[in-house]
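If you're matching them up, the sequences are chains V, Y and W in order.
Heads up: the first sequence begins at 0 in numbering that gives the first Met the number 0, then just goes up one per residue.
Heads up: the second sequence begins at 0 in numbering that gives the first Met the number 0, then just goes up one per residue.
Heads up: the third sequence begins at 0 in numbering that gives the first Met the number 0, then just goes up one per residue.
The hints are simulated quantities; they were obtained by calculation from the structure and are not laboratory data.
Be careful, since some hints might not be right.
Listed below are the simulated BS3-like cross-link pairs for lysine-lysine, each with C-alpha atoms no more than 30 Å apart in a straight line [what the hints assert, rightly or not]:
1) W:137 to W:170
2) V:351 to V:294
3) V:351 to W:274
4) V:351 to W:279
5) Y:6 to V:351
Note that the structure is a prediction, hence the values are computed from the model and not measured.
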Amino acid sequence: MDTLAALAQGFAVALTPAHLLWAAIGVTLGTAVGMLPGIGPSTTVALLLPATFGLDPASAFIMFGGIYYGAQYGGSTAAILLNTPGEAGAMMTAIDGNAMARAGRAGPALATAAIGSFIAGTVATLGLTFLAPWLAEVALLLGPSEYATLMVLALTTVSALFGASVARGLLSLFLGLLLGTVGLDPQLGQPRFAFGVMELLDGIDTVIVAVALFAVGETMHVAARFRFAVETMHAMSGSLWMSAADWARSWKPWLRGTAIGFPIGALPAGGSEVPTVLSYVTEKRLSKHPQEFGKGAIEGVAGPEAANNASAAGALAPLLALGLPTSATAAMMLAGFQQFGIRPGPLLFDSKPEFVWGLIASLYIGNVMLLILNLPLIGIWVHVLRIPRPWLFGGILCFSVLGAYTLNTNTVDVAILLLIGLAGFGMRMMNVPVVPCLLGLILGPMLELQIRKAMMISLGDPAVFVTRPVSLLFLLLALAFLAAPVLFRYRRRRP
Amino acid sequence: MLKPLDKREATLGALAIALGVAVVVVARGFPGGSIYDALGPRLLPYIVGAGLALSGLSILIGAFRRANEYEALDLAPVLWIVAALIIPVTLIRVIGWIPVAALVFALGARAFGSRRVWLDLALGLAFGAITFVLFNYGLGLNLPAGSWIR
Amino acid sequence: MRKWLGWMLLATAPAFAQDFGRLEMIVPGGPGSGQDQAARAFEEALRAEKLITGAQIIHYAGGGGMIAVSQFLTSKAGNGNAVVTQGAGHLSFPLSNKTPVSLNDVVPLARLAGEYELLVVRANSEFKTIDDLIAKYKANPSSITWGAGSTGSTDHIFYALISKAAGIDPKKLNYIPHANTGDIVAAVLGGHVQVGAGGFQDFAPQIQAGRMRVLAVGSPERLKGIDAPTLRERGLDVVYTNWRAVSAHPSLTVAQLDRLSALFEKMAKSKTWQKMLVDKGWTDLYLDRKGYAEFMKSEQQRVGAILEELGMRAK
Numbered sequence: 000m001d002t003l004a005a006l007a008q009g010f011a012v013a014l015t016p017a018h019l020l021w022a023a024i025g026v027t028l029g030t031a032v033g034m035l036p037g038i039g040p041s042t043t044v045a046l047l048l049p050a051t052f053g054l055d056p057a058s059a060f061i062m063f064g065g066i067y068y069g070a071q072y073g074g075s076t077a078a079i080l081l082n083t084p085g086e087a088g089a090m091m092t093a094i095d096g097n098a099m100a101r102a103g104r105a106g107p108a109l110a111t112a113a114i115g116s117f118i119a120g121t122v123a124t125l126g127l128t129f130l131a132p133w134l135a136e137v138a139l140l141l142g143p144s145e146y147a148t149l150m151v152l153a154l155t156t157v158s159a160l161f162g163a164s165v166a167r168g169l170l171s172l173f174l175g176l177l178l179g180t181v182g183l184d185p186q187l188g189q190p191r192f193a194f195g196v197m198e199l200l201d202g203i204d205t206v207i208v209a210v211a212l213f214a215v216g217e218t219m220h221v222a223a224r225f226r227f228a229v230e231t232m233h234a235m236s237g238s239l240w241m242s243a244a245d246w247a248r249s250w251k252p253w254l255r256g257t258a259i260g261f262p263i264g265a266l267p268a269g270g271s272e273v274p275t276v277l278s279y280v281t282e283k284r285l286s287k288h289p290q291e292f293g294k295g296a297i298e299g300v301a302g303p304e305a306a307n308n309a310s311a312a313g314a315l316a317p318l319l320a321l322g323l324p325t326s327a328t329a330a331m332m333l334a335g336f337q338q339f340g341i342r343p344g345p346l347l348f349d350s351k352p353e354f355v356w357g358l359i360a361s362l363y364i365g366n367v368m369l370l371i372l373n374l375p376l377i378g379i380w381v382h383v384l385r386i387p388r389p390w391l392f393g394g395i396l397c398f399s400v401l402g403a404y405t406l407n408t409n410t411v412d413v414a415i416l417l418l419i420g421l422a423g424f425g426m427r428m429m430n431v432p433v434v435p436c437l438l439g440l441i442l443g444p445m446l447e448l449q450i451r452k453a454m455m456i457s458l459g460d461p462a463v464f465v466t467r468p469v470s471l472l473f474l475l476l477a478l479a480f481l482a483a484p485v486l487f488r489y490r491r492r493r494p
Numbered sequence: 000m001l002k003p004l005d006k007r008e009a010t011l012g013a014l015a016i017a018l019g020v021a022v023v024v025v026a027r028g029f030p031g032g033s034i035y036d037a038l039g040p041r042l043l044p045y046i047v048g049a050g051l052a053l054s055g056l057s058i059l060i061g062a063f064r065r066a067n068e069y070e071a072l073d074l075a076p077v078l079w080i081v082a083a084l085i086i087p088v089t090l091i092r093v094i095g096w097i098p099v100a101a102l103v104f105a106l107g108a109r110a111f112g113s114r115r116v117w118l119d120l121a122l123g124l125a126f127g128a129i130t131f132v133l134f135n136y137g138l139g140l141n142l143p144a145g146s147w148i149r
Numbered sequence: 000m001r002k003w004l005g006w007m008l009l010a011t012a013p014a015f016a017q018d019f020g021r022l023e024m025i026v027p028g029g030p031g032s033g034q035d036q037a038a039r040a041f042e043e044a045l046r047a048e049k050l051i052t053g054a055q056i057i058h059y060a061g062g063g064g065m066i067a068v069s070q071f072l073t074s075k076a077g078n079g080n081a082v083v084t085q086g087a088g089h090l091s092f093p094l095s096n097k098t099p100v101s102l103n104d105v106v107p108l109a110r111l112a113g114e115y116e117l118l119v120v121r122a123n124s125e126f127k128t129i130d131d132l133i134a135k136y137k138a139n140p141s142s143i144t145w146g147a148g149s150t151g152s153t154d155h156i157f158y159a160l161i162s163k164a165a166g167i168d169p170k171k172l173n174y175i176p177h178a179n180t181g182d183i184v185a186a187v188l189g190g191h192v193q194v195g196a197g198g199f200q201d202f203a204p205q206i207q208a209g210r211m212r213v214l215a216v217g218s219p220e221r222l223k224g225i226d227a228p229t230l231r232e233r234g235l236d237v238v239y240t241n242w243r244a245v246s247a248h249p250s251l252t253v254a255q256l257d258r259l260s261a262l263f264e265k266m267a268k269s270k271t272w273q274k275m276l277v278d279k280g281w282t283d284l285y286l287d288r289k290g291y292a293e294f295m296k297s298e299q300q301r302v303g304a305i306l307e308e309l310g311m312r313a314k
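Produce the entire structure from the sequences given, and follow the hints as far as they go.
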């Protein structure tokens, strides 16, 4: 088999001690930098790119691979330990991941994240090897109406996170949608709700809101209660590693997350949040313990982590097959390739196959290195939670401020951190779920942009959403999702 | 005929309604769509405003139906945290990151009852210094050193 | 005479570096953005030519570049070693959005490099030549979907200029904005929009693979290696570039300004820079202080007028 032989050769090139060392360095640097909230994987790659100058291409790309995966894992680590998701893809991980950490199960949370990422990376690498060109072509066929209905689907799934009160859930969602409208309107460039503040013209960054709602809001909530409640935060209850039950509950979410993440990651306008959201909601729907979600269900970490990693790999399909960077990180990788005079494009697989396979092998090695290096570190990370609470939360606040400021180097973001943090506290106080707000912020602008684009292309004809087959499919799935609980209840009543 | 009124619930509902109305009012000032962009910048804000108001109404009505149990909350620590966050917003460009980190850390710790002010400040200072060196020299980013140095 | 002067300038370079020291560049874009890449290119060339000892790059993304300008104004007063980089988009942004500052608040120093805008279609598009496109557009303006960057961006202005040159009211343009180049390429390849615009580098891999064709270029003469006519050849008098430039603080003395502009002049004329341009596929668009200042004025008028016609001019 030609492809496998080529891949094997790629591995042969990649697996030398020197190269492995570069992979290790890349992973370490990537994880360290990826943990910082203001610095997502794309910025991490951008910042660490100069570190690869002067290296031969093979070593440089292996280091890239390490940085790439390391940055994602760093974001997840921060999400689990500190509730400060370093990047969009880690937001869903923070929900149950941090809940697990506070219940003393940071070890299993980190482990399931690492292993899930590894498995997703493995499957996705295979997927890339065999499917990249085909997947990239198919991805091109999706236009604004398909993206719009995909966003509709994603938004309907948010309803699964409302909890007991639909009104509160909707309130949270609409609040998020409101935050999403702040900034320049995507079509006409009309400033909305910016009130003359220049920094708001680009909208409110989702990472800031995530850190504000999760970390700051939670910190305030814990602070307000610690005089009364005996809330002990266990550093570790039970084993550091995953138990048999944990494994049993994780392996299917890993696979499902990969299946969801990989194709969506390949879509040009997919974004990295949609796969993780869909994965989280899918796991909640399919789980035997749905009530645990939000309080530390391991599936809620396993699925999204796998989805995140798979979608990052998926984003490489259009990059390698067509030269199309579909995410900020992919764009950085592209810049990195160009450093070495390599111009990815439709001809890359034919003209420089050894580069492609070498790269895929390098990325895979980065993924393996991530697992090898990070699993032992879990023991150390868990000790972070042993820090006395005043210092732990003081540190979390410092971390959050650091992240908010360095994101765009402006103080308006820190002000937003404060205001949304207060809102997050208020929401917790009033039992309003926090996650729908974040998801409204993420999905709203995408939905609006795509709907308006689709309508402009069809010259105002809304039928386009149902006449295009994939678009119709997503709409039907959305309806099915909403109808499912009603149907199940009906089914159960019949004798 | 006075049903028990859950004050907090009612406030939440009222605030939501007020916000929804405000959004619609502000959005009326946006231009409408263009010849191709029939929906225009106003549509989503209108929907959001309506959604906020309706959810708020539902919550407000619910406030008259039942009173919820709320856990006791002490707001003083929250004020310490607010203070901690106002510091960087106002002062980070003036005094630079390192002192700001010290203050944020110490105020945050104080919110959780720590009385060891000097130790907390020292720890925060260390955090600030380490991250300053790492970010500015290691990564080439720009944490401010403070305009008071000039 | 010019050559001799050039050699003399270059000969003074090493002494110049020690003299100049570190250059500080404020960049209106995040790490990895187009502006950032341009700034790093400047740094590389200046360092290779030993004109500076090093550079510090400070990023302020957002606000259409005006946040960076604003930061530059407040923090670099009197600093003869600091410049703020900019691009064509930052000239047009304040014209369509009310911002507290604009490029007029800083002193133009030099225009350096960029790319000419061009029109692309996918390989099997119904439009074989630019004339086909314009003919269909004239017959039925709403039947063509034009895709490119955000509303009010350089691509949008490019299309509007073309529309005006063809005699059609730019408001009739069915412009579809996209978030980034990748989206534009995907949209054109996938047939979701019919025309795309940008620089050659944005589309080079697709063109070389035969999946996209260039219909026309917005340059004064045909571009080397691109088999497409200029818009002027086809009766549409449109020349438009996506350029990068640098400006200095308004508080500097004439001596300081001279020093800074000499620095960039040396860079622009150096071998390293010229080679870089070839490697990166950029066009040399060098204009000195006076030239750039005049260009800015005329460009603001041109862009302002077209934005007015689009109904996007900020009041």
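Status of the hints after comparison with the structure:
no.	hint	in the structure
1	W:137 to W:170	holds (13 Å)
2	V:351 to V:294	violated (49 Å)
3	V:351 to W:274	holds (25 Å)
4	V:351 to W:279	holds (20 Å)
5	Y:6 to V:351	violated (69 Å)
The structure is inconsistent with the numbered hints 2 and 5, although it conforms to all the rest.
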